[in-house]
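Q: From first to last, the protein sequence lines stand for chains A and B. Each residue of the first sequence is one higher than the one before, counting from 1 in the working numbering. Each residue of the second sequence is one higher than the one before, counting from 1 in the working numbering.
No lab work stands behind these hints, which were simulated from the structure alone. Note that the structure is predicted; figures quoted are calculated from it, not measured. Some hints here could point you the wrong way.
Facing chain A, according to a computed beta carbon distance under 7 Å, are these residues of chain B, among others [what the hints assert, rightly or not]:
no. : residue
1   : Lys27
2   : Leu80
3   : Glu143
For glycine and all other residues, C-beta sits at the position ideal for the given N, C-alpha and C.
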Amino acid sequence: MSDNRPTTDASCRSIRSRLGEALDHRLGSPDSKRVREHLLACKTCRGEYSMLTRLQRATRELPTERVTDDFRARLIERIESGEGARPDILQHPMSIAGRIKLFTSGALTAAALLVSAWLVYDGLRTPSNPQSMPIELASLAGPNDTLRPVDANGIGLRAVQKPRELFDGLRAQAPRLASQPPKRAMAQLREQSEALIQSIRFVNALDGTLFELPPDVRTSYVEAERTASAIVEEAQRSNDSRASVDRIVALLQHGPTLEPTIRVTIRLRSSEPVDIASMLQRHSKSMEELSQYLRFFNEHLLRQGDVVAPAAEIWGSPTLRLGNR
Amino acid sequence: MASATRTDPVLLASYQRAVHDYADLLKSFAARLLADDADWAEDVAQDALLALYRHLHDVPESAWRPWLYRVTRNLCLDRLRRRKHRPKNFRDFADEENRDPVPPSRITNRPEIHAQEEEMQRDLEKAIAELPPRFREVFLLCEQQGVSYEEASTILDVPLKTISTRLFRARQRLMKAMASHLED
């Protein structure tokens, strides 16, 4: 460092006018270098930069005002009463480009969305009248500092319909397998059956907590899991033989039937914030098992762009965290 | 006005998150903009969030943050204007000589803070409150709320260069006011 290098009032004035931008990393490379070199040479400007830094730190450390405990309750009350926003506060409206695609996030303060919500759907159809769900009644309740909100309704629906979707796909494929090489057919059967098993286990892990499956649906899923397990066992026993493929095809054609339209009523149970990772971990005997749940969650239930944290990060402190792919 | 009752659950979930994320920040921003009218800060924050709910269909999610800050700022300016026209009931925004702009609630009940730091915070709050509004809002947005110059430019509807200039001047004033705390 050389405090003896010559500096001039003019150069100091020029540099000082840029110190704030330098602090905010808004200078281009040449300007940034010029400021840096000047600071090395000029003790006075260095002192000013130091003061700016302290001012910035002190400002950022100023306490944040906290809203009162009933803030959300009062907001909900105003929303429900239909109170409108004052038009004058929207003066000078900002120019805004078209709506971006809404993200579907979700780590899971799920039940914050779920109070008293009943989801009814027919088979693979989404709710015919989703707007009737009184989600907003509870949507402001009890957020968790570490979690992003989730479309819990959507996750619940997708989770429950996924086994049927996979089972239908498996059965639809059966007739085509006869013409495929046995090894390839067996690999496909095994992969799809394992996905089906995983989907049913996922639903079972959440059944009774996030939602409650009707008994008949629960029974049909048990049968579907049994069939899928038999396929996996057959695949493990076989040597990718044509005979094994035929046995599996026969099993699928005569196995349990999931009604084409299952009427499922999911009762969302909890009125408290829940963390699906916690629920899944309670059903996991090992990190590997949790990892399987989360993989299924990632692949089948999250929207594009979201990805759940790996099991290794969740195991032991199950808080579901989402990031971007 | 679009009805939020026809909003999809995902949008409502995002709104829920926005309430969680911004309620405190907006209240803080409003409290410091309103200075000695800081008691209104929570109402202002709530008005802004209510407005967002009523306009969920009009405002893309990517614009929620600047939109909320802009509405909050408009509400604050509106309140300050009304105060200015009722000097018997409200002190003029510019007439700040004899007041303590820092609500006691913001500087007390923090035993973990060393007395010296507490004094510095008190003085800093006072110095910020004494900034002219156009400097204060830029300083609070960029320095205290962590908003980028570009976003501040959008929120305040002024050119980027103006943000840079106002921030510079705000910092100069604050460094002068806070010299005893900031110097080595």
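Q: If a hint holds in the structure, say so; if it doesn't, say that too.
A: Now the hints, each set against the structure:
no., hint, result
1, Lys27, "holds (4 Å)"
2, Leu80, "violated (14 Å)"
3, Glu143, "holds (5 Å)"
Hint compliance for this structure: hint 2 is the single one not met.
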